[in-house]
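S.K.: The residues making up each chain are set out below.
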Amino acid sequence: MNVLESGVSELFVKPDIWNFRDWVHKNKHQAMTEKLMTEQEAVAKFVADGDSLGTELYGTVRAPMSLTREIIRQGKKHLKVAGQGITEIDFLLAADLVDTLDITYVAWEVYGISNILRRAVESGRVKTADWSNGAMAWRFKAAAMGVPFIPVLSMLGTDTFRYSAAKIVECPFTGQKVCLLPALFLDVGLIHVHRADKYGNCQIEGISGFAHELARASKKLIVSAEEIIDTEEIRKYPEHTIIPYYLVDAVVHAPFGSHPGEMCYRYWRDEEHLKNFLEDSKDPAKTKAYLDKYIYGVKNHEEYIKLIGMDRLKKLQAMIGGR
Amino acid sequence: MNVLESGVSELFVKPDIWNFRDWVHKNKHQAMTEKLMTEQEAVAKFVADGDSLGTELYGTVRAPMSLTREIIRQGKKHLKVAGQGITEIDFLLAADLVDTLDITYVAWEVYGISNILRRAVESGRVKTADWSNGAMAWRFKAAAMGVPFIPVLSMLGTDTFRYSAAKIVECPFTGQKVCLLPALFLDVGLIHVHRADKYGNCQIEGISGFAHELARASKKLIVSAEEIIDTEEIRKYPEHTIIPYYLVDAVVHAPFGSHPGEMCYRYWRDEEHLKNFLEDSKDPAKTKAYLDKYIYGVKNHEEYIKLIGMDRLKKLQAMIGGR
Amino acid sequence: MMAEYNETELLICIAARQMADNTTAFIGTGIPMLAAALAKKMHAPNLVPVFEFGGIGASLEKLPLGVGDSRTFHKAVAATGICDMMETAARGFIEYGFLGGAQIDMYGNLNTTIIGEKYWPPKVRLPGSGGANEVGSFCWKTIVIMRQHDKKRFVKKLDFLTTPGYLTGPGAREKAGLPPNTGPYRVVSNLGLMGFEEKTKRMILLATNPGITVQQVLDNTDFAMLVADKVVENEPPSEEELRILRTEVDPDRLYI
Amino acid sequence: MMAEYNETELLICIAARQMADNTTAFIGTGIPMLAAALAKKMHAPNLVPVFEFGGIGASLEKLPLGVGDSRTFHKAVAATGICDMMETAARGFIEYGFLGGAQIDMYGNLNTTIIGEKYWPPKVRLPGSGGANEVGSFCWKTIVIMRQHDKKRFVKKLDFLTTPGYLTGPGAREKAGLPPNTGPYRVVSNLGLMGFEEKTKRMILLATNPGITVQQVLDNTDFAMLVADKVVENEPPSEEELRILRTEVDPDRLYI
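Residue numbers (this note's numbering), protein chains in the order written: chain A, 1 to 323; chain B, 1001 to 1323; chain C, 2001 to 2256; chain D, 3001 to 3256.
Everything labelled a hint here was simulated from the structure, so no lab data went into it.
Bear in mind that the values here come from a model prediction, so they are computed numbers and not experimental data.
Warning: the hint list may mix true and false statements.
Heads up, simulated SDA-like pairs for lysine to any residue below, C-alpha to C-alpha not over 20 Å straight-line [to be verified]:
| # | chain 1 | residue 1 | chain 2 | residue 2 |
| --- | --- | --- | --- | --- |
| 1 | A | Lys167 | D | Gly3177 |
| 2 | B | Lys1177 | C | Glu2174 |
| 3 | C | Lys2041 | C | Gly2171 |
| 4 | D | Lys3141 | B | Ala1031 |
| 5 | C | Lys2118 | B | Val1003 |
| 6 | A | Lys14 | C | Ser2059 |
| 7 | D | Lys3062 | B | Tyr1237 |
| 8 | A | Lys28 | C | Lys2141 |
| 9 | D | Lys3118 | A | Gly321 |
| 10 | D | Lys3175 | A | Lys28 |
| 11 | B | Lys1127 | C | Ile2115 |
| 12 | A | Lys14 | C | Pro2180 |
| 13 | C | Lys2123 | B | Cys1171 |
| 14 | B | Lys1028 | D | Ile3256 |
| 15 | A | Lys177 | B | Arg1162 |
| 16 | A | Lys177 | D | Lys3062 |
| 17 | B | Lys1236 | A | Asp22 |
| 18 | D | Lys3062 | A | Gly321 |
| 19 | B | Lys1236 | A | Asn115 |
| 20 | B | Lys1286 | B | Asn1276 |
| 21 | C | Lys2123 | B | Lys1167 |
| 22 | C | Lys2141 | A | Asn115 |
| 23 | D | Lys3175 | A | Gly175 |
| 24 | D | Lys3123 | A | Val3 |
| 25 | B | Lys1167 | A | Asp96 |
| 26 | C | Lys2075 | A | Lys177 |
| 27 | C | Lys2075 | C | Gly2100 |
| 28 | C | Lys2123 | B | Arg1323 |
| 29 | C | Lys2075 | B | Asn1019 |
| 30 | B | Lys1177 | C | Ser2059 |
| 31 | C | Lys2118 | B | Asn1276 |
| 32 | A | Lys177 | B | Cys1171 |
The following label-pair restraints were derived from C-beta to C-beta distances [stated by the list, open to error]:
| # | chain 1 | residue 1 | chain 2 | residue 2 | range |
| --- | --- | --- | --- | --- | --- |
| 33 | A | Lys275 | D | Lys3151 | 48 to 58 Å |
| 34 | B | Pro1284 | C | Trp2120 | 42 to 52 Å |
| 35 | B | Gln1074 | D | Lys3157 | 57 to 67 Å |
| 36 | B | Lys1314 | C | Asn2022 | 25 to 35 Å |
| 37 | A | Lys275 | D | Asp3021 | 48 to 58 Å |
| 38 | B | Arg1312 | C | Glu2248 | 43 to 53 Å |
| 39 | A | Tyr296 | D | Arg3253 | 53 to 63 Å |
| 40 | B | Pro1284 | C | Glu2117 | 48 to 58 Å |
All C-beta atoms in this analysis are idealised placements derived from N, C-alpha and C, irrespective of residue type, glycine included.
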């Protein structure tokens, strides 16, 4: 294939579909098996040093925060992170567990840029390749399709393309320029959902972000759920299953698993907590103190919930909008 | 782009995304406007001779049969049909309205091959290009993504590829052979759904086939619905909207719109009617008689329903499984 | 006393026995549906049927009439769409794929598109690939059902190669760009059960059906069929298999 | 008597006025959300807000805090995902796109990635493209909000071209492979309102904000800004606009 232009950044994860297929065939259960376990068990079993890792959805929104905290607690390091997010990426960077970042956006939206990202990248500790938000989602989509790349018409003409690892070719049907994005197959994906059964069949309410794509792009998939439901419930509305069991390796029951982020129809985001962390994040020592208190200082998600306090969490529940 | 091999069939519809974008921008409403109309109005307004046309789902399953019958009644001809189906394709072919067929599968599943297809294609009246079922769905997916092609790893090594209009190239990331499918942008798409509001926001129960993709691949989209619901219902469960209003040009209220096919959770397929048609289809005169009776002989879907009879339809309702 | 059975019942039973428990299987219309339902009720209760229009893990309490009908996702664990199913197979999640064909060659390649020498207009137009091309490309093991074993169907050269078997032999799938370690696994016909020889990827007779000789199979095959060192005879349907098939799987006798 | 207002309120009002009724708009965090909500309550009741993580046509009764939060799809007509949204824009269904940036050049190209000369390690690491690259590539008309109009932000040369404006001038977008007839439409800053000259695709001053002179705008712009033949003065926020903004759009004063 005649390549007109290539992005100059390193391709941190090679788009090897044959390797993915073989891994799946050797390691995943085709039948429905029970996968309920704790965060500790799931992370110990399915996250390894050096893994490529992706989280969904987005820092303050339906994010797998209890899983992220457990990864930090267990000190899984040299991670290759697919960086779309806020809190979860900030945490991983602050704990110094990240080697490379396929970054599209790490910041606090209206509250501004991430101080932790700045320190991690400007110091040269973390290597980056840049992509657009669409590009990252499409890279997962390519992996979900089981193909090595996917064509898109964005990224073109920009430094975002130039400092990615994408390629531009000429379309053999129309002659137009097309940007090819390499599929992003992850070693581990983390997704927080509203409901799952013990086999890993999952339902999500509201927007689905890139859950469909990331779930299918992951060799190992750890799901945390606000609620564990009976499989009969799943079978009653099969069209609501966004993640079928065979994609899933571990199901973790994690009420308030997205805290300090929100979970639509369940609880609103903890604005005060987030603002305090954002303030702390300006200073490395205070950032460390935050991690010490909220992550290293608690044994597990249950203790974290106790530390935050049910009164506070009930208030967040009361603040969330209905349908 | 260095093409290793090209399918030899004609590309009946060019994958022109710029043309699609311009058409959409000039002709579609961005705001929510009321689109309720009859089959007659919808087909008269939005189907033209020579159009490329696709139907979803599949002959005997949630198929837009009332719309298909109306197209035949109005004699829209020289159609370029995306051929995945049974009854609806047989009807269009029998009425001699089809010039070209991007075919993946036209047959009666366990009841065997289509006699009407045989007559239409073996006589040389209808030109064909062959594709796999996945390939056709992916061609719609490419169009839905707004790109001119999509890579897949099927079709390779076969005559199905050779007599398609696809191309094989070398992946610039991995060096492996990849089949590129041209996007299939349709002039008109027809989809039958369970529920729609007057603006065209649609919900589908059960499997969604390729509704997501075909809806997004169509310049003009006509939706028929078993039930017209209030927009408040749509807004209550926005995650159940598979087709948002802006894709839709016409909403037709068509109870039993999939007859003689089934509609999951609503009514079972009319086995006797289908078997009789299948028997009739063996003979051109009898096929014509069928069309005369059930299509040309009735003015509209309402009359068709009367002809079939509510007693019969109620029996089909009683035969369908629950959840 | 041996139970009486017809040829369809025999095919269903032999096909059902090929599927291991705790696996996923891409199911087509007809015999594969019955075979999957029977297997689930016999030796493979945890078999997960997958249908190309989106049904995953249906109960198969009632027999579907088509690969998209509501019975393919009745009490299923998921009901998605065709792209998701094909892509699930593409990513290596589906063990078995069931296929049928008008013609098969010695490498397990299949024709379901046309009969005759010319593509268009063809002498006989068949249905086309449907999902077969993806099933034959992506599933780890494909099982082919051929109801009629004769020289017109087990041919030296296909009129049209719709769905890939081993193409032209060892290494050909990989060379064409198809996934490694995939391909035809079994062929179930009214005369016997065939597999594919490891080295040559050629079709090899493993077992004959009750009352059928090896010679009869060879006489009804246009290409040079390999023959296993020890060809066994397939067990006829057991009474248990027949009872389940007739009273639970297809009580309305839609297929059998 | 003229109502008092702050700079943020002015920016919101001017941004809101740029959106026509009966259109779709791709909405980012902050000012675009307030502008869209205000426009809906003023002149554009049928404006449809679209958010990148899947919210389509939300009521915007309560102000979202992020582009994925539950308010972006509260009472929405659809709640899908990021791919669907980006692809909807790719197919030409989205009229307006709202963007912001750390730097903008005379062709409306934007930088939100790094400050400094070296990509890695950079002097200052900014958030990255996020959805901006797709918004700037696919929406028909992009509207850029620049809260601070000065020479460090309205620059001759970007440190990094994150999101495409007109790139290097007329025809450059098309040459790069981007959709025809798209690109930057308006730039709303604290000093004035800019557009892009038809022929040269260069930024052109259309209107100054109340109390701001043309010369002030030019003095605070590093590149040679074109100036319209007749530069008008933007109307200050009306009492009606301010009332709605303060009591209905952002009663908790999260942003204003």
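S.K.: Confirm or reject each hint.
M.R.: Evaluation of the provided hints:
1. Lys167(A) - Gly3177(D): With a Cα-Cα distance of about 13 Å, the restraint between Lys167(A) and Gly3177(D) holds, given a limit of 20 Å.
2. Lys1177(B) - Glu2174(C): Measuring from Cα to Cα gives roughly 9 Å; hence the hint holds.
3. Lys2041(C) - Gly2171(C): violated, 37 Å
4. Lys3141(D) - Ala1031(B): Distance ~16 Å between Lys3141(D) and Ala1031(B) Cα, so the pair holds.
5. Lys2118(C) - Val1003(B): violated, 25 Å
6. Lys14(A) - Ser2059(C): Not satisfied, since the Cα-Cα distance of roughly 39 Å exceeds 20 Å.
7. Lys3062(D) - Tyr1237(B): The given pair, whose Cα atoms are some 18 Å apart, holds under the 20 Å limit.
8. Lys28(A) - Lys2141(C): holds, 17 Å
9. Lys3118(D) - Gly321(A): With Cα atoms ~45 Å apart, Lys3118(D) and Gly321(A) exceed 20 Å; violated.
10. Lys3175(D) - Lys28(A): It is violated: about 46 Å lies between the C-alpha atoms, which goes past 20 Å.
11. Lys1127(B) - Ile2115(C): holds, 16 Å
12. Lys14(A) - Pro2180(C): holds, 18 Å
13. Lys2123(C) - Cys1171(B): violated, 37 Å
14. Lys1028(B) - Ile3256(D): Not satisfied, since the Cα-Cα distance of roughly 36 Å exceeds 20 Å.
15. Lys177(A) - Arg1162(B): The given pair, whose Cα atoms are some 26 Å apart, is violated under the 20 Å limit.
16. Lys177(A) - Lys3062(D): With a Cα-Cα distance of about 42 Å, the restraint between Lys177(A) and Lys3062(D) is violated, given a limit of 20 Å.
17. Lys1236(B) - Asp22(A): Given that 20 Å is the threshold and the Cα spacing comes to 43 Å, the pair is violated.
18. Lys3062(D) - Gly321(A): Holds, at roughly 9 Å.
19. Lys1236(B) - Asn115(A): The hint is violated at about 39 Å.
20. Lys1286(B) - Asn1276(B): holds, 10 Å
21. Lys2123(C) - Lys1167(B): violated, 27 Å
22. Lys2141(C) - Asn115(A): Given pair Lys2141(C), Asn115(A) is violated - Cα atoms ~52 Å apart, limit 20 Å.
23. Lys3175(D) - Gly175(A): Since the Cα atoms of Lys3175(D) and Gly175(A) sit roughly 12 Å apart, the hinted pair holds (cutoff 20 Å).
24. Lys3123(D) - Val3(A): violated, 31 Å
25. Lys1167(B) - Asp96(A): violated, 46 Å
26. Lys2075(C) - Lys177(A): Outside the cut-off at roughly 46 Å; violated.
27. Lys2075(C) - Gly2100(C): Judged against 20 Å, a Cα distance of about 27 Å means the pair is violated.
28. Lys2123(C) - Arg1323(B): violated, 45 Å
29. Lys2075(C) - Asn1019(B): Roughly 43 Å separates the two Cα atoms, so the pair is violated.
30. Lys1177(B) - Ser2059(C): violated, 38 Å
31. Lys2118(C) - Asn1276(B): violated, 32 Å
32. Lys177(A) - Cys1171(B): holds, 16 Å
33. Lys275(A) - Lys3151(D): 48 to 58 Å: For Lys275(A) and Lys3151(D) the Cβ distance comes to about 32 Å; the hint is violated.
34. Pro1284(B) - Trp2120(C): 42 to 52 Å: The hint (42 to 52 Å, Cβ to Cβ) is violated, given that Pro1284(B) and Trp2120(C) are roughly 21 Å apart.
35. Gln1074(B) - Lys3157(D): 57 to 67 Å: holds, 60 Å
36. Lys1314(B) - Asn2022(C): 25 to 35 Å: violated, 43 Å
37. Lys275(A) - Asp3021(D): 48 to 58 Å: violated, 36 Å
38. Arg1312(B) - Glu2248(C): 43 to 53 Å: violated, 29 Å
39. Tyr296(A) - Arg3253(D): 53 to 63 Å: The hint (53 to 63 Å, Cβ to Cβ) is violated, given that Tyr296(A) and Arg3253(D) are roughly 37 Å apart.
40. Pro1284(B) - Glu2117(C): 48 to 58 Å: violated, 26 Å
Violation of the numbered hints given earlier is confined to hints 3, 5, 6, 9, 10, 13, 14, 15, 16, 17, 19, 21, 22, 24, 25, 26, 27, 28, 29, 30, 31, 33, 34, 36, 37, 38, 39, 40; the remaining hints are satisfied by the structure.
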